[in-house]
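Since the structure of chain A is provided, determine the placement of chain B on it from the hints.
Line order of the protein sequences matches chains A and B. Under this note's numbering, the letters of the first sequence match residues 1 to 324, in that order. Under this note's numbering, the letters of the second sequence match residues 1001 to 1292, in that order.
Rather than coming from a laboratory, the hints here were simulated on the basis of the structure. Be aware that one or more of the hints could be misleading.
[To be verified] Coverage of chain B stretches by chain A, computed from C-beta distances (three or more under 8 Å per stretch; other residues unrestricted):
no., stretch
1, 1049-1062
2, 1095-1106
[Said to hold, decoys possible] Result set (SDA-like, lysine to any residue): computed pairs, CA atoms no more than 25 Å apart in a straight line:
no., chain 1, residue 1, chain 2, residue 2
3, B, K1213, A, E274
4, B, K1084, A, L282
5, A, K293, B, I1081
6, A, K293, B, N1088
7, A, K293, B, P1280
8, B, K1032, A, Y290
9, A, K299, B, L1274
10, A, K116, B, T1090
11, B, K1032, A, L115
12, B, K1032, A, T199
13, A, K116, B, P1280
14, A, K116, B, R1091
15, A, K116, B, K1032
16, B, K1213, A, K293
17, B, K1213, A, I286
18, B, K1032, A, I301
19, B, K1032, A, E274
20, B, K1286, A, T199
21, B, K1032, A, K85
22, A, K299, B, A1089
23, A, K8, B, I1277
24, A, K116, B, K1213
25, A, K116, B, P1085
26, B, K1286, A, K299
27, A, K299, B, I1081
28, A, K85, A, W155
Every residue gets a Cβ at the ideal spot worked out from N, C-alpha and C, and that includes glycine.
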Amino acid sequence: MANINRKKGFWLSIVLALAVYVVGQVLISGEILNSFYINTLFFMAINIILAVSLHLIIGITGQFSIGHAGFLAVGAYASAIFTMKLQMPFGVALLVGGLAAAVAGLIIGIPSLRLKGDYLAIATLGFGEIVRIFLLNVDYVGGASGMQVSHLTDWTWVFACLLVTIIVIVNFTNSTHGRACISIRENEIAADAMGINTTYYKVAAFAIGSFFAGIAGGLYAHNFYIIQPTNFGFLKSFDILIFVVLGGLGSMSGAVIAAVLLTIVSAFLQDYPETRMIIYSLVLVIMMIYRPKGLMGTKEITQFFTKKRQGIEGGESDGKHTAA
Amino acid sequence: MEFVQQLINGISLGSIYALIALGYTMVYGIIKLINFAHGDVFMVGAFVGFYAITGLGMSFFPVLLLAMAVCSVFGVLIERIAYKPLRNATRIAALITAIGVSLFIEYGTIYVRGAQPEAYPGDVLPSTSFHIFGATISSQSLFILGTSVVLMVLLQFIVHKTKIGKAMRAVSYDAEAARLMGINVDNTISATFAIGSALAGAAGVIFGLYYIKIEPLMGIIPGLKAFVAAVLGGIGIIPGAMVGGLLLGVIESLVSAVGYSLWRDGVAFVVLILILIFRPSGLFGKNVREKV
Chain A
1 MANINRKKGF WLSIVLALAV YVVGQVLISG EILNSFYINT LFFMAINIIL
51 AVSLHLIIGI TGQFSIGHAG FLAVGAYASA IFTMKLQMPF GVALLVGGLA
101 AAVAGLIIGI PSLRLKGDYL AIATLGFGEI VRIFLLNVDY VGGASGMQVS
151 HLTDWTWVFA CLLVTIIVIV NFTNSTHGRA CISIRENEIA ADAMGINTTY
201 YKVAAFAIGS FFAGIAGGLY AHNFYIIQPT NFGFLKSFDI LIFVVLGGLG
251 SMSGAVIAAV LLTIVSAFLQ DYPETRMIIY SLVLVIMMIY RPKGLMGTKE
301 ITQFFTKKRQ GIEGGESDGK HTAA
Chain B
1001 MEFVQQLING ISLGSIYALI ALGYTMVYGI IKLINFAHGD VFMVGAFVGF
1051 YAITGLGMSF FPVLLLAMAV CSVFGVLIER IAYKPLRNAT RIAALITAIG
1101 VSLFIEYGTI YVRGAQPEAY PGDVLPSTSF HIFGATISSQ SLFILGTSVV
1151 LMVLLQFIVH KTKIGKAMRA VSYDAEAARL MGINVDNTIS ATFAIGSALA
1201 GAAGVIFGLY YIKIEPLMGI IPGLKAFVAA VLGGIGIIPG AMVGGLLLGV
1251 IESLVSAVGY SLWRDGVAFV VLILILIFRP SGLFGKNVRE KV
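One chain only, chain A, in its complex shape:
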């Protein structure tokens, strides 16, 4: 029964996704949206990919990473090199961007994921800065003045990447591996004692999260006409972090909702960057003091629809506790 329901849910989501795609495509090709809205829409999708990929690392595995912009930068530059310097097709470049970021994730993850909590946060922050400074000093990719990139991102690519990201991360979360990751988040020592190879799962989650951040980087690079190291500073990492924190550590739909909301907010506050940052930071502080679990806690949006049935069936424990 549950299996059929799940299957139904899967097809329902696919149909919904297609509907969203078609609506988006009609709105764009019918020239109903002006370029500002189209840009915001693309940016929203890229932000959702970033939010969901960081959600896997922070929300599911409980590893506090604040250098996500570093992976974004690796993906952006790797894919830009492939399209601009090596004349490869966009799809290949995106994949390469993702893979490059995943490799970077492995390189940084294997040593630093032995660290816990604050130390890991600082190590990832340091990694993000190293990437930025590296890009700043390498002339091949333009150094401080940045790199020219042609505009290749379109709605089909953005949407396909978004869909793949969400499907992969949802399935990962619901798989054995995902449960292992959640157990690490809840209590790493207990997970270790239960025979879970915590290092392996932490690194795996980190690499997958980095991979999708790299894909987002590819889309991001080809959406603008130029990429510069300053686009990938600490503030960018912070932007991504706030999606996950605001949405609720451990809730993917929360991360998606937060990404959508904040992209809209920041699109309209574009001319007032200070105001935007002040609002962001206040939201963050007030949120942590009064509602530290974020908008959705660890709940997913689908749980609001299935809750009733669960209650009748005697309450399948949702098995979710506080994140981290």
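Just chain B, lined up with the frame of chain A:
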């Protein structure tokens, strides 16, 4: 002697890092929180110093004291408003709050006074220079070094010889037991923030005098590097922060001396990652066995 010259520059820079790192390490030692806003307290100190010099025409020592006083009040305010409600929250919640506070201070400052940089007037300290071993030492860097050393000695005195210092050490060792012994833990934490922030404020003024240019986002990179210095020395250990700061300053200057001056910002983070991999408890740290 290029090498000696760079060594001297490195020690001046390192003493600034060390002053900031002390605040990080004290706060971390007592409430296990990376106070990201610490770098911004440093920035506030620099601006207080700037306005006191240009607006009120004060000389070096009154400016230093004023900046330290303002910053310590500021640090206590941050602690009371933002961190105290989170005393029992998760570490991540506290860390996120700290990042939020940091950004709020940075962009609040930009909102209030604009993002344009300011230049410290150069005539606050007497500027003569000495020549030793072929290297030039300006009297400014001697002043800076002297001030830092005095402040660090003062800190050692406070931590080891006064009642509040004893309370601080007790709370950082075991907050619950300290509370049972009748120590007012909240006041002790506030005092730690006050002392740490005062040092950061002093570092801000010194930084302004030495590097001239100050701006609202200047606290980020020195703040992060000072944190690296604190980790390098062993976080929570006061002499460790001093040594870590000086060492980091010297390393950075030597990297510049070898000709990689554009990479010097990255070196600190490479040092950080190396130290975290090979000796996560820092140079002065002891290995703590994990208890379940």
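Evaluated hints:
1. Closer than 8 Å: that is the beta-carbon criterion, and the stretch 1049-1062 of chain B has 0 residues meeting it against chain A, so the requirement of 3 is violated.
2. Closer than 8 Å: that is the beta-carbon criterion, and the stretch 1095-1106 of chain B has 10 residues meeting it against chain A, so the requirement of 3 holds.
3. At most 25 Å may separate the alpha-carbon atoms for a hinted pair to count; K1213(B) and E274(A) meet this at roughly 21 Å.
4. At most 25 Å may separate the alpha-carbon atoms for a hinted pair to count; K1084(B) and L282(A) meet this at roughly 16 Å.
5. Proximity of K293(A) to I1081(B) is assessed by CA-CA distance (about 20 Å); at most 25 Å being required, the pair is judged to hold.
6. For the hint linking K293(A) to N1088(B), the alpha-carbon distance of about 14 Å falls within 25 Å, and the restraint holds.
7. Distance check on the hinted pair: K293(A) and P1280(B) sit about 30 Å apart at the alpha-carbon level, beyond 25 Å; violated.
8. As the CA atoms of K1032(B) and Y290(A) are separated by approximately 21 Å, the hinted pair is consistent with the 25 Å bound.
9. For the given pair, K299(A) sits about 38 Å from L1274(B) by alpha-carbon distance, which is inconsistent with the 25 Å threshold.
10. Between K116(A) and T1090(B) the alpha-carbon distance is near 13 Å, which keeps this suggested pair within the 25 Å criterion.
11. With a C-alpha separation of about 15 Å, the suggested pairing of K1032(B) with L115(A) holds against the 25 Å cut-off.
12. Restraint check: the Cα-Cα separation between K1032(B) and T199(A) comes to about 24 Å, which is no more than 25 Å; the hinted pair holds.
13. For the hint pairing K116(A) with P1280(B), the CA-to-CA distance comes to about 10 Å; that is within 25 Å, so the pair holds.
14. For the hint pairing K116(A) with R1091(B), the CA-to-CA distance comes to about 11 Å; that is within 25 Å, so the pair holds.
15. At roughly 13 Å between alpha-carbon atoms, K116(A) and K1032(B) fall within 25 Å of each other, so this suggested pair holds.
16. Proximity of K1213(B) to K293(A) is assessed by CA-CA distance (about 41 Å); at most 25 Å being required, the pair is judged violated.
17. Taking the CA atoms of K1213(B) and I286(A), the gap is about 33 Å. The hint is violated against a cut of 25 Å.
18. Only pairs whose Cα atoms come within 25 Å are accepted, and K1032(B) paired with I301(A) is rejected, the gap being roughly 34 Å.
19. Taking the CA atoms of K1032(B) and E274(A), the gap is near 30 Å; set against the 25 Å cutoff, the hint is violated.
20. Restraint check for K1286(B) and T199(A): satisfied, since their Cα atoms lie roughly 24 Å apart, inside the 25 Å limit.
21. Simply put, K1032(B) and K85(A) have alpha-carbon atoms about 47 Å apart, too far for the 25 Å limit, and the pair is violated.
22. Note on K299(A) and A1089(B): the hinted pairing holds, with a Cα-Cα distance of about 20 Å set against a maximum of 25 Å.
23. Straight-line distance between C-alpha atoms of K8(A) and I1277(B) comes to about 48 Å, which puts the hinted pair past the 25 Å bound.
24. The straight-line distance between the Cα atoms of K116(A) and K1213(B) is roughly 37 Å, outside the 25 Å bound, and the hint therefore fails.
25. Taking the CA atoms of K116(A) and P1085(B), the gap is about 24 Å. The hint holds against a cut of 25 Å.
26. A distance of roughly 41 Å separates the Cα atoms of K1286(B) and K299(A); the hinted pair therefore is violated under the 25 Å criterion.
27. As the CA atoms of K299(A) and I1081(B) are separated by approximately 30 Å, the hinted pair breaks the 25 Å bound.
28. Distance check on the hinted pair: K85(A) and W155(A) sit about 24 Å apart at the alpha-carbon level, within 25 Å; holds.
Consistency with the previously given hints fails for numbers 1, 7, 9, 16, 17, 18, 19, 21, 23, 24, 26, 27, ordered from lowest to highest.
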